[in-house]
Amino acid sequence: MRKFFVFFLSITMIVAFSGCATLSKNECLEANWFEIGRRDGTMGKPRALFQQHRDACLKHSVNPNRDAYYEGRDEGLKFYCTEDNGFKQGRLGRKY
Numbered sequence: 001m002r003k004f005f006v007f008f009l010s011i012t013m014i015v016a017f018s019g020c021a022t023l024s025k026n027e028c029l030e031a032n033w034f035e036i037g038r039r040d041g042t043m044g045k046p047r048a049l050f051q052q053h054r055d056a057c058l059k060h061s062v063n064p065n066r067d068a069y070y071e072g073r074d075e076g077l078k079f080y081c082t083e084d085n086g087f088k089q090g091r092l093g094r095k096y
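For the sequence shown, our numbering assigns the number 96 to the last residue and increments by one with no breaks.
Rather than coming from a laboratory, the hints here were simulated on the basis of the structure.
Take these hints with a grain of salt, some might be off.
As the list claims (entries may be wrong) - The calculated label-pair distances, taken between Cβ atoms and stated as ranges, are: (1) Gly90 x Ala48: 20 to 26 Å; (2) Arg94 x Gln52: 19 to 25 Å; (3) Leu92 x Glu27: 42 to 48 Å; (4) Ser61 x Glu35: 20 to 26 Å; (5) Gly90 x Lys25: 35 to 41 Å; (6) Leu29 x Arg94: 19 to 25 Å.
What the hints assert, rightly or not - Result set (DSBU-like, lysine-lysine): computed pairs, CA atoms no more than 30 Å apart in a straight line: (7) Lys45 x Lys25; (8) Lys45 x Lys59; (9) Lys45 x Lys78; (10) Lys78 x Lys95.
For clarity, every value in this text was computed on a predicted model and none was experimentally measured.
Just so it is clear, CB atoms sit at the ideal spot from N, CA and C, and this is done for glycine as well.
Can you make the complete structure from the sequences, with help from the hints?
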């Protein structure tokens, strides 16, 4: 019974948190999409994160600038995709 409860609670938490928006209404309204992309790229976030940002902002009638986001992300990846950072991420046991 306890295992079932833990499993049920885990699934509930995953579903609840998966619906969380990546950006708030104010962030969407005031967004500099180049900078958001640069920030995400610098942290090595996947390209698919743009779709999550887009979905969050469309709820507030804001259509993100995809080209500016990807341009900024490419710029940010220049800081993430370095030999030193690759070794650092590996030492920490993270995917790179």
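Each hint tested on the structure:
| no. | hint | in the structure |
| --- | --- | --- |
| 1 | Gly90 x Ala48: 20 to 26 Å | holds (23 Å) |
| 2 | Arg94 x Gln52: 19 to 25 Å | holds (20 Å) |
| 3 | Leu92 x Glu27: 42 to 48 Å | violated (28 Å) |
| 4 | Ser61 x Glu35: 20 to 26 Å | holds (21 Å) |
| 5 | Gly90 x Lys25: 35 to 41 Å | holds (38 Å) |
| 6 | Leu29 x Arg94: 19 to 25 Å | violated (33 Å) |
| 7 | Lys45 x Lys25 | holds (21 Å) |
| 8 | Lys45 x Lys59 | holds (22 Å) |
| 9 | Lys45 x Lys78 | holds (13 Å) |
| 10 | Lys78 x Lys95 | holds (17 Å) |
Checked against the numbered hints given earlier, this structure breaks hints 3 and 6; the rest are met.
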